[in-house]
Amino acid sequence: MIGESVPRLEDRPLLRGEGRFVADISLPHQLHMRVVRSHAAHGTIESIDATGALAVPGVAAVWTGVDVSDIAPIDFRQVGADQMVPYRQPILAQERVRYVGEPVAVVFATDPYTAEDGAEAVILEVSELAPVLDTTGPLGDFDGRLDTEAYVFTEQTGDVDAAFARAEHVIEAEFGVGRHTGVPLECRGALAVHHRTTQTLEFLGAAKVPFQNRDALAAMLGLPPSRVVLREAHVGGGFGVRGELYPEDVLVALAALRLGRPVKWIEDRHEHLVAANHSRDQRHRLRVATDDSGVIEGLEVEFVSDQGAYVRTHGATVATLAAAMLPGPYRIPNYRVTGRVRLSNKTPAGTYRAPGRYESTFVRERALDAVAAELGVDRAEIRRRNLIAPTEMPFERGIDALGTAVVYDSGKYEMMLDRVLGHIDYPALTWSLAERRAAGELVGLGIGFFVEKSGLGPFAGSRVEVDPSGCVTVTTGEASVGQGFETVMAQICAETLDVGLDRISVVHGQTDQMSYGMGAFASRATVMAGTATHDASLALRQRAIEVAAEMLEANPADLELVDGAVRVAGSPTRAVSLGEVASALGPASPYADGRPGLVTEEWYLTSHMNYPYGLHAGVVALDADTGSLSIERYVIAYDIGRAINPMLVEGQIVGGAAQGFGGALFEDFSYDEIGQPQVTTFMDYLMPTAAEMPELEILLSEDAPSPLNPLGVKGAGEGGTNACGAVIAAAVDDALDRPGAVTSLPITPERLHALCRSSPATA
Amino acid sequence: MKPAAFEYHAPRTLEEALGLLEEHQDEAKVLAGGQSLVPAMNFRLARPAVLVDIAHVPDLDRIDEADPASVTIGARVRHLDLEHNTIAGPLGSLIASTGRWVGHYPIRIRGTFGGSLAHADPAAEWCALARALDAEIHCRSTTGERTVGAGDFFEQMAFTTCLEPDELLVGVRLPRLGDSWGVGMAEFARRWGDFAIVLAVAAVERDGDSIAGARIALGGVAGGPVRAANAEALMAGRPATAETAAAAAAAAAEEVDPTGDIHGSADYRRDLVRAMVTRALDQALA
Ligand SMILES: Cc1cc2nc3c(=O)[nH]c(=O)nc-3n(C[C@H](O)[C@H](O)[C@H](O)COP(=O)(O)OP(=O)(O)OC[C@H]3O[C@@H](n4cnc5c(N)ncnc54)[C@H](O)[C@@H]3O)c2cc1C
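Protein chains in written order, with the numbering used here: chain D, 9 to 771; chain V, 21 to 306.
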C-alpha cells in the first residue's frame, strides 16, 4: 500500500461537487462581514464616518478601530522576537494606516450585497504620510518612535574573514527576487458562531494550523481554549498563505461573540491580492571566496526582506530560513549571513511554498554560475566540486533555523547530479544547444541544485480506532490544505492493518477531536503525522493480536493480521476480524481489562527536521523580437527518501513548479510611487496556466531515506518550486551567451527584450 | 465583489429593447455576453441601474451572407461562432484566425462580437479587425438606424464609442475579400488568452507581384484601434516581399504613440508593433 499511486480518497466528493468549503456552509441568522480597507498606503486616520453605512437597511453594525482597541495585535506563531513585538498588526487600524488594503472598519449586514453597500458608505479620511516602498533605501518612521527595521540577525559558521584573506578569487554580486505569493483557488473565509448552551465558540474555515489558531484566538478573546473549537472543512490550497491567523479571522470570531449571531466572511479575489500575505521580495548582496579550482571557501551574504507593513504570524521565519538554507548542498565551510527584516507600506508578508529557499536558491545558484564563469569551469563540474559527500552525513551546518540546528540527515547529492546529467545526456545536449545558438537561435540550459527541509517537529499525534463493524478512524491534530493528506494517512494505516482504504476515514483539523496538533506547513504533515499514524497503527495491530490471542486461545506469536482479521497462521478459519476484536472490547468486557475499545494513540517526537534534496534542469528558447520565453524542456529530480504515494508526490512537484515558474516569469506585485498596488486582479496578477506549463520530466528517487523516522520519509511539498527561478535565469544567461545577465526575478518579456537587445548574441 | 442593486429586463423584441433604452437613457446598460460588463459590475466600476439583456432579441445572432459584396455579423454572434465561421475566402480565414485570440474558450462561448465593439477595449481583437476592414456599424434607436464607419465609431479615449445611450449596436457589415487579398493577424500577450499588449491585423491586396493596397490595424497602442497609415502608404505599389513587410513594420513602429502600463512601456510596445506588423504581413504575403 505504501509506495502505490492509489487515487485520492478526497477526489470522490470533490469531483462530484460534494465538497464542503467554508463558503458552502451557512448558519441560520448569520450576518455577513465586509471589510473596509485603507485606500492610502500610509497616513494618520483623521476620521472614519460610519453614519451612511448604518443608514443602509440591513446593516446591523459597523466597527472601527476604537471598537476593538481592547483586542491585542495578532501574535507571532513562529520565529518571534521581542524587537518585533511593536510591529504586529492590530485587527483594525489604530490611528495610522500602513498599506492599501489594511482593514480600517467592518460592516455586518444580513447579506453580502448589503454588507458591501454599507462598506461603500463608510468614509475614511486619511492625512497622508510619505510611504516607504524601497527597503534597500533609507529607513522610514513606523510610529513616531521606531524606525522600519524590525529585526536584524547575523549567523555564522567557520572563520569567514580568514577564508576571504586567503581566497584566490573573490566574486561579488547582487541579486533580487520579486514580490509574489501563493494564490489558492479558494480565497480565505471564516464562519463563527457562539453556542450559548455550551458556552463554546465554534469557528469554521480554519486551515493549516487550527490548534495554534485556537490557542491564539482563545488568548485574544479571553476564552478558555477548551471553549473554542476550530474546524477545518475542505481547503482549496494553502501554500503557506491560507490558514494563518489574520485580522479578518479574529474579527469574525469577536463579532460572533459580541453580536450574538453567526458571522460569515468570504474573501473576494480583489481583497486576497492586497490582504493575504505576500512573500519573497528579497535583495541579496554577496561575496564568494574560492580557491583556484572553484571550491568555495567562504561566503558572506547580507540581505533585506521586504516584510510589508507589519510583522505577521510568521515573525522572521522567511528571513531565517533564507539565511539557514542559503548554502544548500555545498560544503561552504565558512559562512556569514546578515538578514534584515524591514517594513514598507505594502501588504504584509509571510511564508510561501519554499519560503526563503526559492530566494536563497536563486542567489546561491546564480553565485555558483558566476564562479563557473569566472573560473572557466563547466557549470555542472563547479557544483560537483562543492557538493557535500554522503560520507559527511549527517552534516552539521553550524546554524539554527526554526529553533533547531540545521543538520542534513542524509543525501547522496553527487549521485543525483550524475543521474540528471545522464538523463539529459548533458554533453550531447550542451553541444546541440551550442549548435542551435550558432545557427541563430536563442536557446540555453540551466541547472540548479537545492536542499529542502521538511518534517518540522516537535510533535504530531495520531489516534487509530476500529469500530465494531471493522471501520477504522484515524484522527490527527494535523491538517489538510488539499494535498491528499487523507489518502496518505489511510495508506500508511492500511499498510499495517491490511484493511481496504474504503474502510478508513481520516479526521484532521478538528480541535475538539484531539488535544494537540500542529498542522500543514513546512512539508511536515506526511513526515510527522504519517510517522505517528504508522506508530499508532503498529500499536493497534499489536493490541488486536493480544486480544485476539485470548479470544482464539492461541499463542500471539502464531497470529497474523491479514485482510482486516487476526488469524492463526496456517489455519485461516481460526480468525477474528478487527471489528469482532473491537466488539469484544466493551468497557465491561473481561478482554478490555481497563483499556476499553480497539484504539491506540501515539505521539511522534523529533527535535530535528529532515532534508530532501533535488536538482532542476531546464532548456528555454527566447524570442528576441518580443522578449517571450518558452520552456522547451524541464527536468525535476527530487529525493524524498520514500514516496508514500508517488502520484501525489508528482502532483506536488508539478503544481509547485507552476508556482516556481510564476515567480520566475509572471507574478509580480508592483506598486506605484505613492504606494498604490498595481496588481489587484487576475488581469494583472499573472499566474501560469496550463498553456504556459511545459511537460515536466520528473525523476523521483529514494536513495537517501531519512534515518530520523521509521518510514524513511521526507516532505515532498516544496521541491517543485524551489529552483525554478534559479534554473530559468541560468538558462536565459546561457541562451544569450552572457553569464550573469539575469540578476533579478521575475524575468518579464519587457526585461528579457531589453536583455536581448543589449546582448552580443543578438546584435 | 458583489454588484450594486440593479433592475433587470429581458425584452423579447427589438422594439421593446429599444424602448427600454430610450426610457432609461444613461441609467441603462445593454447586457450581451456579460464578459466585460459583469466583471465591471462586480468591481462596482460599472453600476447601471437598469440592465437590458438582449439574449432573447430575435435575429441578432445571425451572420447574414446574402449580399455578394459583404457579410453582416449580428451583434450577438459569439466569438466562438466566428472562430468557427464558414464565410468564404480570405475574410472568413481572417475572422477565424483573429477569433482564436479572444480570451479563453469559456469567454468565447459567451462573449459577443457586438459587445466587444461596443465595449471598445483598446486591445480587443475585433475592434482592430473592424478598423482594418473599415467595417460599417449599424446602430439603432427608437428614432431609426444610422450606419457609422469604424473610423468614426471608436473615440480617442479607451472604452468609448459614438454609441448614444439609447442606441443598440445591431450588426456590423464587413466587405468580402476576393482572392487577390492576403490576410494576417499577430498578437503578443503575456499568457495565452490574455488581452494583447500589442496586436496587428493586416489585409493586403496583390496585383501580381506587387502590392495594390494594404490595411493594417493595431491594438494596444492607443485609446482605440488605429490604422498604420504611413505603413499602408509605404506598401502601395511596392513588391510583395519580406523587405516591404519589414519596411512597413518599421514605419508602423515609428508612427504609433503608445502609452505604457505595468505590462509594457511605450518603447517596448513600439518594438512589439514592429514585430507584430512584420508577422501579420508575412502571413498576408505568404
Ligand atoms: C478573462 C477574460 C479575458 C478576456 N480576454 C479578451 C481578449 O483577449 N480579447 C478581447 O477582445 N476580449 C477579451 N475579453 C472580453 C470579452 O471578449 C468580452 O466578451 C467582450 O469584450 C464584450 O462582449 P460581451 O458580449 O461579453 O459584452 P458585455 O460584457 O455584455 O457588454 C460589454 C459592454 O458593451 C455594451 N454592449 C454590449 N452589447 C451591446 C450592443 N449590442 N449594443 C450596445 N452596447 C452593447 C454593454 O452595455 C457593455 O457596456 C476577456 C474577458 C475576460 C473575462
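Hints are computed from structural coordinates only; laboratory data are not their basis. These numbers were taken from a predicted model, which means no experiment stands behind them. Don't take each hint at face value.
Which chain D residues face chain V? A few, computed with CB under 10 Å, are given here [what the hints assert, rightly or not]:
| hint | residue |
| --- | --- |
| 1 | R42 |
| 2 | D119 |
| 3 | V282 |
| 4 | D408 |
| 5 | G411 |
| 6 | S636 |
| 7 | E640 |
| 8 | D676 |
| 9 | S678 |
| 10 | E681 |
| 11 | I682 |
| 12 | Q686 |
| 13 | M691 |
| 14 | L694 |
| 15 | T697 |
The C-beta atom is built at its ideal place from N, Cα and C for all residues, glycine as well.
Tested hints:
{"no.": "1", "hint": "R42", "result": "holds, 9 Å"}
{"no.": "2", "hint": "D119", "result": "holds, 9 Å"}
{"no.": "3", "hint": "V282", "result": "violated, 13 Å"}
{"no.": "4", "hint": "D408", "result": "violated, 40 Å"}
{"no.": "5", "hint": "G411", "result": "violated, 40 Å"}
{"no.": "6", "hint": "S636", "result": "holds, 7 Å"}
{"no.": "7", "hint": "E640", "result": "violated, 17 Å"}
{"no.": "8", "hint": "D676", "result": "holds, 8 Å"}
{"no.": "9", "hint": "S678", "result": "holds, 6 Å"}
{"no.": "10", "hint": "E681", "result": "violated, 13 Å"}
{"no.": "11", "hint": "I682", "result": "violated, 15 Å"}
{"no.": "12", "hint": "Q686", "result": "holds, 5 Å"}
{"no.": "13", "hint": "M691", "result": "holds, 7 Å"}
{"no.": "14", "hint": "L694", "result": "holds, 5 Å"}
{"no.": "15", "hint": "T697", "result": "holds, 6 Å"}
Checked against the numbered hints listed earlier, the structure breaks hints 3, 4, 5, 7, 10 and 11; every other hint is satisfied.
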